[in-house]
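Chemist: In case you want the letters, here they are:
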Amino acid sequence: MKKSTLSMMLLGSLLAVGTQAAFAAPDWGKVPKRDINVFHPAVSPMEWVGKKSDHSGTAGLKKGETCIGCHEEKGTLNFDMKRLAGKDMEPKGAPKAMMYPVAVQAAYDASNLYIRLTFKAPGGGADQGDKDNEVKATVMFPDAQVQLANQAGCWASCHNDARTMPGADDKKTKYTKNGAFELMQWKSAKGAKVANGTVTTERKMEGGSLGATAEGAKSGDTYTVTFARKNPGEGKTVPFGIAIHADHATGRFHHVSLGYTLGVGADGDVKAVKQ
Amino acid sequence: MAGKLASLWATLKKPSAKYSLLGLLMTGFISGILFWGGFNTGMEATNTMDFCISCHEMHDNVYQEYKKTIHYSNRTGVRAMCSDCHVPKDWTHKMIRKIQASREVWGKLTGTIDTKEKFEAKRLTLAEREWARMKAADSRECRNCHSFEGMDTEKQKARGAKMHKIAQEEKQTCIDCHKGIAHNKPKGMKEDEDEDL
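Chains as they are written, first to last, in the numbering used here: chain A, 1 to 275; chain B, 1 to 197.
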């Protein structure tokens with residue numbers, strides 16, 4: 001009897017904590033939005049980024065320059081989208097929308113860091129391999145050992161031998177040669193589980209330490225996805241990257257952000273507001 | 001034979017009794033102008049775009065690629081044609097380049113790149129040869145129009161502005177980065193050992 005009471009109490013507490021994580025979210029109307037453009041990266045894995053004959057900015061990366069330092073200006077990305085969409089870089093065919101903005105908001109309290117993504121997921125994708133989910137929204141956080149963690153966001157996990165890359169092994173996931181990424185992913189299918197994963201020598205969709213929950217909804221043509229994850233600690237600036245799989249896309253056919261930083265009571269490209 | 005040559009030399013050395021010194025000087029002067037003018041006109045004719053694309057090897061390959069680039073068509077209407085990039089402007093270097101180009105005549109005669117396939121097979125070798133020439137000359141032909149001093153990096157995209165700053169600090173030359181800007185990049189380009197991340 002006592003055991004059962006204790007179990008009930010424990011369950012109640014866990015539910016309360018869980019509910020808190022899900023519903024103690026801030027008043028988003030008071031949290032500033034930072035538009036981050038996500039784009040179709042075609043076949044431009046880490047090997048491409050690091051090869052000067054493909055990417056002349058390699059010299060800049062070696063000097064410590066960030067991707068956004070060169071490529072984000074005037075509220076957009078200055079890539080040659082025609083080159084990205086061309087057959088040399090995208091043999092399978094490019095999506096109709098090469099780039100679109102995701103409004104990013106962040107807030108934190110003592111226990112959680114909340115990240116809210118608002119976007120219109122475009123149709124016209126070139127790959128519709130995920131029949132269950134129209135949309136997936138993912139945020140990844142590299143640790144300090146990841147190559148170019150503070151410069152290139154998720155790129156260190158993207159390689160030319162990973163699945164859906166031309167000629168690659170269909171079972172090989174994204175991976176990183178050094179360090180690890182934490183990953184959280186929301187899927188639009190009804191009842192789909194929020195992924196709390198990691199990327200090390202392979203990507204795992206569970207076993208991560210973020211303790212992430214997520215809620216997402218579609219209103220009209222706009223998706224709003226709100227994540228709550230463990231607060232990494234006030235005063236910290238953490239690097240992150242976003243990926244949106246729109247129009248049932250799978251694998252590399254996502255729209256991704258470059259590497260950004262999120263300041264938790266600290267400086268960053270996105271500054272989380274204290275609650 | 002030796003006797004004939006000695007006789008000709010003796011005639012040449014002999015003062016003219018028939019023509020005035022002024023007449024001889026004027027004849028030499030005018031002949032010099034005609035010869036020099038003819039020579040230069042001939043050389044300039046080989047510098048025109050029409051000449052460069054008169055062979056199908058250039059017309060069907062690199063010319064078609066170049067027509068899609070900013071060096072062919074742009075907002076201001078300033079066009080850089082083949083010789084602007086591939087032939088030095090000053091006389092000495094131009095002569096050296098023209099003599100080197102005689103090798104291309106041999107290539108034409110023997111058909112080393114006379115099909116699309118042959119051209120593609122040789123594209124990397126040809127490109128590397130030209131890049132090496134440009135690098136050795138500190139991108140002299142690029143710098144006939146472009147210079148770091150004349151650049152307003154404020155008006156450039158962020159990526160260009162930052163990379164040009166690094167290029168100046170590291171004393172790089174235009175062709176170090178700007179490969180494949182007027183023609184397709186060859187496949188299988190080699191990387192300098194210290195360039196990869």
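Keep in mind that a hint or two might mislead.
As the list claims (entries may be wrong) - So, partial list: chain A residues that the calculated Cβ filter (under 7 angstroms) puts toward chain B:
1) HIS55
2) SER56
3) ALA59
4) GLY60
5) GLU73
6) THR76
7) PHE79
8) LYS82
As the list claims (entries may be wrong) - Cross-link-like lysine-lysine pairs, in silico, DSSO-like; alpha carbons within 30 angstroms at most:
9) A/LYS236 with A/LYS190
10) A/LYS82 with B/LYS118
11) A/LYS271 with B/LYS190
12) B/LYS187 with A/LYS33
13) B/LYS162 with A/LYS51
14) B/LYS116 with A/LYS82
15) A/LYS171 with B/LYS165
16) A/LYS63 with B/LYS116
17) B/LYS4 with A/LYS63
18) B/LYS162 with A/LYS33
19) A/LYS82 with B/LYS157
20) A/LYS87 with B/LYS18
21) A/LYS87 with B/LYS67
22) B/LYS162 with A/LYS236
23) A/LYS82 with B/LYS179
24) A/LYS62 with B/LYS118
25) A/LYS204 with A/LYS92
26) B/LYS155 with A/LYS62
27) B/LYS185 with A/LYS62
28) B/LYS187 with A/LYS82
29) A/LYS62 with B/LYS165
30) A/LYS33 with B/LYS155
31) B/LYS68 with A/LYS82
32) B/LYS68 with A/LYS51
33) B/LYS116 with A/LYS87
34) A/LYS96 with B/LYS157
35) B/LYS185 with A/LYS92
36) A/LYS51 with B/LYS4
37) A/LYS271 with B/LYS135
38) A/LYS177 with B/LYS68
39) B/LYS118 with A/LYS87
40) A/LYS92 with B/LYS171
Read the hints as simulated data drawn from the structure, not as lab findings. Backbone N, C-alpha and C define an ideal beta-carbon position, used for all residues, glycine too.
Chemist: Please go over all the hints and tell whether each is borne out by the structure.
Modeler: Results of checking the hints against the structure:
Interface hint status for A/HIS55: violated, as the beta-carbon distance to the closest one in chain B is roughly 10 angstroms, over 7 angstroms. Interface restraint check: A/SER56 against chain B, minimum CB-CB distance 5 angstroms, threshold 7 angstroms, status holds. A least Cβ separation of about 6 angstroms between A/ALA59 and chain B falls short of the 7 angstroms threshold, and the interface hint therefore holds. For A/GLY60, the suggested interface contact is upheld, since its CB lies about 6 angstroms from the closest CB of chain B, less than 7 angstroms.
Using the Cβ-Cβ criterion of 7 angstroms, the hint placing A/GLU73 at the interface with chain B is satisfied: the shortest such distance is roughly 5 angstroms. Here the hint on A/THR76 is broken, as its CB sits about 11 angstroms from the closest CB of chain B, past 7 angstroms. Annotation: interface hint on A/PHE79 violated; nearest CB of chain B at approximately 9 angstroms, more than 7 angstroms. Checking A/LYS82 against chain B by beta carbon gives a least distance of about 11 angstroms; that is not within 7 angstroms, so the hint is violated.
Simply put, A/LYS236 and A/LYS190 have alpha-carbon atoms about 35 angstroms apart, too far for the 30 angstroms limit, and the pair is violated. At most 30 angstroms may separate the alpha-carbon atoms for a hinted pair to count; A/LYS82 and B/LYS118 meet this at roughly 28 angstroms. A threshold of 30 angstroms between alpha carbons decides the hint, and for A/LYS271 with B/LYS190 the separation of about 42 angstroms lies outside it, so the pair is violated. Our distance criterion of 30 angstroms between C-alpha atoms is broken by B/LYS187 and A/LYS33, whose separation comes to about 43 angstroms.
Restraint check: the Cα-Cα separation between B/LYS162 and A/LYS51 comes to about 18 angstroms, which is no more than 30 angstroms; the hinted pair holds. Using a Cα cut-off of 30 angstroms, the hinted pair B/LYS116 and A/LYS82 holds, with the two alpha carbons roughly 25 angstroms apart. Distance hint between A/LYS171 and B/LYS165 is unfulfilled; the C-alpha atoms sit about 43 angstroms from each other, more than 30 angstroms. Between the alpha carbons of A/LYS63 and B/LYS116 the distance comes to roughly 40 angstroms, so the proposed pair goes past 30 angstroms and is violated.
Between the alpha carbons of B/LYS4 and A/LYS63 the distance comes to roughly 74 angstroms, so the proposed pair goes past 30 angstroms and is violated. At most 30 angstroms may separate the alpha-carbon atoms for a hinted pair to count; B/LYS162 and A/LYS33 meet this at roughly 28 angstroms. In summary, the hint linking A/LYS82 to B/LYS157 is supported, as the alpha carbons are separated by about 17 angstroms, within the 30 angstroms threshold. Between the alpha carbons of A/LYS87 and B/LYS18 the distance comes to roughly 77 angstroms, so the proposed pair goes past 30 angstroms and is violated.
Under the criterion of a C-alpha separation no larger than 30 angstroms, the hint pairing A/LYS87 with B/LYS67 is consistent with the structure, at around 19 angstroms. Distance restraint check for B/LYS162 and A/LYS236: the Cα-Cα separation of roughly 28 angstroms lies within the 30 angstroms cut-off, and the hinted pair is therefore satisfied. For the given pair, A/LYS82 sits about 18 angstroms from B/LYS179 by alpha-carbon distance, which is consistent with the 30 angstroms threshold. Between the alpha carbons of A/LYS62 and B/LYS118 the distance comes to roughly 37 angstroms, so the proposed pair goes past 30 angstroms and is violated.
Only pairs whose Cα atoms come within 30 angstroms are accepted, and A/LYS204 paired with A/LYS92 is accepted, the gap being roughly 26 angstroms. Annotation: proposed proximity of B/LYS155 to A/LYS62 holds, straight-line Cα distance about 24 angstroms (limit 30 angstroms). Annotation: proposed proximity of B/LYS185 to A/LYS62 holds, straight-line Cα distance about 23 angstroms (limit 30 angstroms). In summary, the hint linking B/LYS187 to A/LYS82 is supported, as the alpha carbons are separated by about 19 angstroms, within the 30 angstroms threshold.
Using a Cα cut-off of 30 angstroms, the hinted pair A/LYS62 and B/LYS165 holds, with the two alpha carbons roughly 14 angstroms apart. For the given pair, A/LYS33 sits about 28 angstroms from B/LYS155 by alpha-carbon distance, which is consistent with the 30 angstroms threshold. A threshold of 30 angstroms between alpha carbons decides the hint, and for B/LYS68 with A/LYS82 the separation of about 13 angstroms falls inside it, so the pair holds. Distance restraint check for B/LYS68 and A/LYS51: the Cα-Cα separation of roughly 25 angstroms lies within the 30 angstroms cut-off, and the hinted pair is therefore satisfied.
At most 30 angstroms may separate the alpha-carbon atoms for a hinted pair to count; B/LYS116 and A/LYS87 meet this at roughly 19 angstroms. This hinted pair checks out: A/LYS96 and B/LYS157 have alpha carbons roughly 25 angstroms apart, not beyond 30 angstroms. Straight-line distance between C-alpha atoms of B/LYS185 and A/LYS92 comes to about 21 angstroms, which keeps the hinted pair within the 30 angstroms bound. In summary, the hint linking A/LYS51 to B/LYS4 is not supported, as the alpha carbons are separated by about 68 angstroms, beyond the 30 angstroms threshold.
Straight-line distance between C-alpha atoms of A/LYS271 and B/LYS135 comes to about 46 angstroms, which puts the hinted pair past the 30 angstroms bound. Of the supplied pair hints, the one linking A/LYS177 and B/LYS68 is violated, its CA atoms being roughly 40 angstroms apart against a limit of 30 angstroms. Taken as a hint, the B/LYS118 and A/LYS87 pair is honoured in the structure, with Cα atoms around 22 angstroms apart against an allowance of 30 angstroms. Distance hint between A/LYS92 and B/LYS171 is unfulfilled; the C-alpha atoms sit about 40 angstroms from each other, more than 30 angstroms.
Of the numbered hints given earlier, the model fails hints 1, 6, 7, 8, 9, 11, 12, 15, 16, 17, 20, 24, 36, 37, 38, 40; all others are met.
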